[in-house]
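Q: So the sequence lines, in the order shown, correspond to chains A, S and H. Residue 113 in the working numbering sits at position 87 of the first sequence; the count goes up by one each step and never skips. Residue 108 in the working numbering sits at position 89 of the second sequence; the count goes up by one each step and never skips. Residue 328 in the working numbering sits at position 111 of the third sequence; the count goes up by one each step and never skips.
Keep in mind the hints are simulated off the structure, nothing from the lab. Worth double-checking, as some hints may not be accurate.
[Unchecked claim] Okay, derived cross-link-like pairs now, BS3-like style, lysine-lysine, Cα gap no bigger than 27 angstroms in a straight line:
#1 A:K917 - S:K46
#2 H:K393 - A:K185
#3 A:K729 - A:K456
#4 A:K915 - A:K726
#5 A:K806 - A:K729
#6 A:K1027 - A:K712
#7 A:K185 - H:K401
#8 A:K726 - A:K923
#9 A:K185 - A:K163
#10 A:K33 - A:K368
#11 A:K784 - A:K686
#12 A:K923 - A:K729
#13 A:K729 - A:K1027
#14 S:K46 - A:K915
#15 A:K1027 - A:K810
#16 A:K923 - S:K46
#17 A:K712 - A:K456
#18 H:K258 - A:K784
#19 S:K46 - A:K916
#20 A:K456 - S:K118
#21 A:K810 - A:K686
#22 A:K712 - S:K112
#23 A:K1010 - A:K1027
#24 A:K726 - A:K784
#25 S:K46 - A:K784
#26 A:K726 - A:K1027
#27 A:K368 - A:K456
#28 S:K46 - A:K456
#29 A:K917 - A:K784
#30 A:K686 - A:K1027
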Amino acid sequence: MSTRLEKQGRLIDRSKQVSFTFNGTTMRGYEGDTLASALLANDQMMMGRSFKYHRPRGVVASGAEEPNALVGLGEGSRYEPNQRATTTELFEGLTSSSQNHWPSLEFDVGAINSSLSRFLPAGFYYKMFIHPQPFWKHVYEPIIRKSAGLGKAPDKELKDADTYEHFYAFADVLVVGGGIAGLQAAKAAAKSGAKVLLLEQNAYWGGRAPVDGGTVGEQSTDAYIDQLVAELEAMDNVTLRTRCMGAGVYDHGYALGYERVSDHVPGAQGPRHRLWRIRAKQIVTATGAIERPLSFAGNDVPGVMLASAMRDYLVNWGISSGQRVIVATNNDDAYRTAITLKKAGVDVLRVVDARPNAGGALADEARALGIRVDPGKAIAKVKGGKRVKKVAICNQEGVGGAREEVSCDAVAMSGGWSPVVHLWSHCGGKLIWDETQAHFRPDAARPPLGSDGNGFVIAAGSANGPLELGSVLQDAQTAGEAAANAAGFTPVTENAPECETTAENAMKAVWLMPENAEIDLRMKSWLDYQNDVKVSDVQLAAREGYESVEHTKRYTTLGMATDQGKLSNINGLATLANALGEEVPQVGTTTFRPPYHPISMGAIGGEARGEVFQPVRQTPIHGWSDDNGADWEPVGQWRRPFAYVRSGETVHDAVNREVKNTREHLGLLDASTLGKLIVKGPDAGKFLDMMYTNMMSTLKVGKCRYGLMCSENGFLMDDGVVARIDEDTFLCHTTTGGAERIHGHMEEWLQTEWWDWKVYVANVTEQFAQVAVVGPNARKVLEKLGGMDLSKEALPFMEWRDGKIGAFDARAYRISFSGELSYEIAVPASQGLAFWNALLEAGQEFGVMPYGTETLHILRAEKGFIMIGDETDGTVIPQDLGLNWAISKKKEDFLGKRAMERTHMTDRNRWKLVGLETVDGSVLPDGAYAVGEGVNANGQRNMIGRVTSTYFSANLNRGIAMGLVLHGPDRMNEFIEFPGTDGKIYKAKIVDPVIYDQEGKKQNV
Amino acid sequence: MLTLQCPYCGVDADETELANGGEAHLKRFGPGSDDDQFHDYLFMRENPKGVHLERWRHAAGCGKWFHAARCTMTLEVFGTYSAQVYAPPQEIKDAITTKRPGWSWREFQ
Amino acid sequence: MSNPVSALNHASYDGIARIDEIGLQGMITLRGDLSSDTMAKAVSGLTGQEIPAVNRANVVGDTGLCWMSPDELLVLVPYVQVEAKLAELNTALGGEHALAVNVSDARAVFRVTGDSARDVMAKLAPVDLSPGAFEPGHFRRTRLAQVAGAFWMETDGSFRIICFRSAADYVFNLLKVAAQPGSKVDAF
């Protein structure tokens, strides 16, 4: 059983008890505990069940690499699944629950998968569920979906109660990892004067060095670390950050830091997580090394742990992971665990060392303490279900016969150490295979390359290969100096302090225990705990022809879980290499992708949630509309009222009311969103002649002209009314969504093609609030407000004037998008709401009502006016829409002119704009296609047209529509059919698109 | 995520401030050009593995278009320069040659 | 003239920094040849300020000049004087090819003050805001989260932010999130 010892525990404060719950049971730990150490203190060895076979699992590791101890953390709007017990700081009131079991952790129905595991090998799902095909959708998929998924998703009805944020940081040298190497490297870099940012994922500094012991100079490692931190804190050019993990390294020195600001104090003010978006000239990855498990049967039984983790739990948190422990190893480091445990009073039964000559000085020390060392031995099998009961020991050579059984309750295993190369590799850093350590380490000659073509990442300390304290410190010192130098600073060259070292014997690569284990053992030897991948699965993949490591990964799911193979990678690769008869470096590694460790979606989104999820642009009249029933419609980033719905009305009712009222009395539209671009200069006319298909240079001052804009490939991209303000100045209206786009389009041509033309453009869209005053009473209401002469004579159709309307400085455009008498009045935005209110008040006697975009659409459709985005879709040219009149024949050139001469553009079979009138007055479905004679190559009916706009017109009391139809204008009064997605066939007559006031009299009164 | 130095305002702009504008130094063919010329102008683009000349705009910044010479494979940036030129300036060509001797891109080398 | 109202009518918020929408500010977008003497005289005559260097702002109170791009300045004048100043500017520019236009109502202006002002700004803009890298008089056009914005630092260390009027609500809410209590970064 696991217990808390009376002594030890450098990270816990025994004076501060903390209570928490696990699966509803209240337990106690200390401040400084992780959830994992606190659970172990309560003898909760089993912390979850595995994903596929639902095998009982306990904690294996002590840090971010933990594959098993995943829990659901928190409750309600703060619940989050798949949190590692090993990286979760304990706090008062923490609630946690284990995963992947039903009905309970102790008794789980799904564990039957484990008994059936011989029938569930790698690729089982791919092979099994192919036939019969209909079964997939109706039988297999629902069942698999139910049993799949890691952890339980939060309640979809609840919103995350916390906030998140981003932070942009800039550093000369970013050091990732606040272990002894990271601290040393940071100090070495900072002494040059470089601006250094140091990130540490844990809440404490120093990493694992204090657990391993040793001395630096005359000091203990603990004291030396304290000294380094104090020195760094005193330097103005250094920023230190704990609880902040270096999550990823990207192009051009971009890196992400994931700061868990308040995970340990939930509900505290401020953001829960902060994503650091860092630009660094140089990055030092001092990310340490991770111990590898050994592959022996039953290596996943709760109680089997990494030797280093068992040592961490003892030294850091005062936990004895077992009472009677067996240590299995292929290297000397695991002896430190045996010695540490023994000295703490734990019964260490023996060290099973796979090497024939066993260990060096550390082994001698262990023997001197009375620990039995068995050289050349292996674990054949661990016995026990929910916790370790016995271990069968055999020779490492051979198949695992002649076993000796030893009763015990915990096993510490060490298969050697692998540098954490993830951040080095994220952006393309290459690795080399180190035969003596049996691991991949960064190849300093092939680093990730920055914008200057030089390397920008340097690995330091055990992340770079060295494992022994003295060499780690010297490596880190060198790395820090090199990073400062590469960042443009002059480093202060120094030697790292001397360290007392213990000579170690060489490790021996052991990929399977025993070496030639029989199949029944290999089927219980886990490589990837989280995804339940065993030695036998990888061997099967190799037999079935999966030679590429990337393919094997996907076939077996090796290394695909949330731990991304931190423990399993090297063991898996070596197993594959052995099965293929190749060397490990030939097989290579899978790709390391960021993030190093899962980060929250909240942190990625940052502040962008709730009301700032995305920008919502607002006109000066937005607030009034919101208070007066606006049913909002997104148009680009703007929100525009679709209709103003009164109480008791449906949206449809409101639209019908607005449509009729505007035609019969008076309507007001907030048209402020229309783009307004000032184009000024001696060459402005010439420039606009290029931008528009029409001739704009001939427009008289005081007049307006409707213009079309095409892209260079001839397709219609925007439209709007252009007003000539003076000889040199034009004001171009764009569509609502088009202001920024068309502004950019103009700037692009001016800056990159016609840079010698004297033209300046400014976007003044938001300087004005613009109101369309529409309907037979439009002039009356404006005249009532008083001011400028708005008579037909003083302001004829398609002209504009500046003046006063009431108390307002106004520019009045006599333009109409509805076919009614209409003025668009622009006033300064700061007075927009006041002007709107003045119109409403003055308009009472004239039957004024505001109207929304749907009424705007219906009114323009009744007049056959096109709408960019409805009648156009990026493939439509003006000629398709019968707009030839707006294409200048006199101009030698304009954007799109040459393209319109291409054969496809002049093809008489292009679909052309027509009006469509249903036989029964119903409304055509939007986007419906018309079908004609014959079928295409796919056996589908040939299409001869489609609906581009369709509405119910309250004025005409029937459906109206426009569409693009093959030979449409030549087929007036013919009937064509539109099959709807509802199964009905809609029959429509081809008619003139102008349905209302065909002579255009009403707008010109 | 790239950073490019805007040659107009001198800012080392984060990619999130920039907008890519495709291939650099296109020669416009308008009315009067033959079908092949116009087709190539409109549609044909370089897609090199290595040295590339591109147009970028410091969109969320000073708003100016500029040119960038960079390597599409390593993302190394050889330099950025004015948008108001028909060919890369000599110092940009020299910078590329230093790093990628023997390079060529369209008619430039 | 009716009573003009700024986008958020002087909204404010107190968090780790204070956020104020400071109301209407006279603003003229001026495009032209910044190297011409006529231009230099015209704008300094108008504001009493020299044309600023690249990425700098020469502003005192509500009057001054900001460098927007190689051919653009933002001219700040008191709001009530903007039309008169615009006319004065156009006269001073004479026949020189330039574009000067009143954009006062097209914008919203915020001030961020307090010890953590740098923290707040660095949460929203991909700009190095550390002391030394960004100092009083420095000016930057960039993005604020998802919208375009510009800001400069005043002599007292506060920031003045300009965004589009339509985005005022979004930017104010952004600033409130970035300045929420308990969110000090303390990285500067």
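Q: Work down the list of hints and note, for each, if the structure agrees.
A: Okay, the hints, checked on the actual structure:
Taken as a hint, the K917 of chain A and K46 of chain S pair is honoured in the structure, with Cα atoms around 21 angstroms apart against an allowance of 27 angstroms. For a cut-off of 27 angstroms, the pair hint linking K393 of chain H to K185 of chain A stands: about 20 angstroms separates their Cα positions. Taken as a hint, the K729 of chain A and K456 of chain A pair is broken in the structure, with Cα atoms around 67 angstroms apart against an allowance of 27 angstroms. A threshold of 27 angstroms between alpha carbons decides the hint, and for K915 of chain A with K726 of chain A the separation of about 19 angstroms falls inside it, so the pair holds.
With a C-alpha separation of about 23 angstroms, the suggested pair K806 of chain A and K729 of chain A falls inside the 27 angstroms cut-off, and the hint holds. The suggested pairing of K1027 of chain A with K712 of chain A is violated, with an alpha-carbon distance near 33 angstroms, which exceeds 27 angstroms. Taking the CA atoms of K185 of chain A and K401 of chain H, the gap is near 24 angstroms; set against the 27 angstroms cutoff, the hint holds. Pair hint K726 of chain A plus K923 of chain A holds up; C-alpha atoms about 24 angstroms apart against a cutoff of 27 angstroms.
Using a Cα cut-off of 27 angstroms, the hinted pair K185 of chain A and K163 of chain A is violated, with the two alpha carbons roughly 31 angstroms apart. Using a Cα cut-off of 27 angstroms, the hinted pair K33 of chain A and K368 of chain A holds, with the two alpha carbons roughly 14 angstroms apart. Distance hint between K784 of chain A and K686 of chain A is unfulfilled; the C-alpha atoms sit about 48 angstroms from each other, more than 27 angstroms. With a C-alpha separation of about 25 angstroms, the suggested pair K923 of chain A and K729 of chain A falls inside the 27 angstroms cut-off, and the hint holds.
Simply put, K729 of chain A and K1027 of chain A have alpha-carbon atoms about 19 angstroms apart, close enough for the 27 angstroms limit, and the pair holds. With a CA separation close to 24 angstroms, the supplied pair K46 of chain S and K915 of chain A stays within the 27 angstroms bound. Proximity of K1027 of chain A to K810 of chain A is assessed by CA-CA distance (about 24 angstroms); at most 27 angstroms being required, the pair is judged to hold. Restraint check for K923 of chain A and K46 of chain S: satisfied, since their Cα atoms lie roughly 16 angstroms apart, inside the 27 angstroms limit.
Taking the CA atoms of K712 of chain A and K456 of chain A, the gap is near 56 angstroms; set against the 27 angstroms cutoff, the hint is violated. Between K258 of chain H and K784 of chain A the alpha-carbon distance is near 21 angstroms, which keeps this suggested pair within the 27 angstroms criterion. For the given pair, K46 of chain S sits about 24 angstroms from K916 of chain A by alpha-carbon distance, which is consistent with the 27 angstroms threshold. Between K456 of chain A and K118 of chain S the CA atoms are separated by roughly 21 angstroms; this keeps the pair inside 27 angstroms, and the hint holds.
Between K810 of chain A and K686 of chain A the alpha-carbon distance is near 23 angstroms, which keeps this suggested pair within the 27 angstroms criterion. The straight-line distance between the Cα atoms of K712 of chain A and K112 of chain S is roughly 35 angstroms, outside the 27 angstroms bound, and the hint therefore fails. Between K1010 of chain A and K1027 of chain A the alpha-carbon distance is near 39 angstroms, which puts this suggested pair outside the 27 angstroms criterion. Note on K726 of chain A and K784 of chain A: the hinted pairing holds, with a Cα-Cα distance of about 20 angstroms set against a maximum of 27 angstroms.
Under the criterion of a C-alpha separation no larger than 27 angstroms, the hint pairing K46 of chain S with K784 of chain A is consistent with the structure, at around 21 angstroms. Taking the CA atoms of K726 of chain A and K1027 of chain A, the gap is about 23 angstroms. The hint holds against a cut of 27 angstroms. About 41 angstroms separates the Cα atoms of K368 of chain A and K456 of chain A, which puts this hinted pair outside 27 angstroms; it is violated. Of the pairs offered as hints, the one joining K46 of chain S and K456 of chain A is violated, with about 41 angstroms between alpha carbons and a cut-off of 27 angstroms exceeded.
With a C-alpha separation of about 20 angstroms, the suggested pairing of K917 of chain A with K784 of chain A holds against the 27 angstroms cut-off. Pair hint K686 of chain A plus K1027 of chain A holds up; C-alpha atoms about 18 angstroms apart against a cutoff of 27 angstroms.
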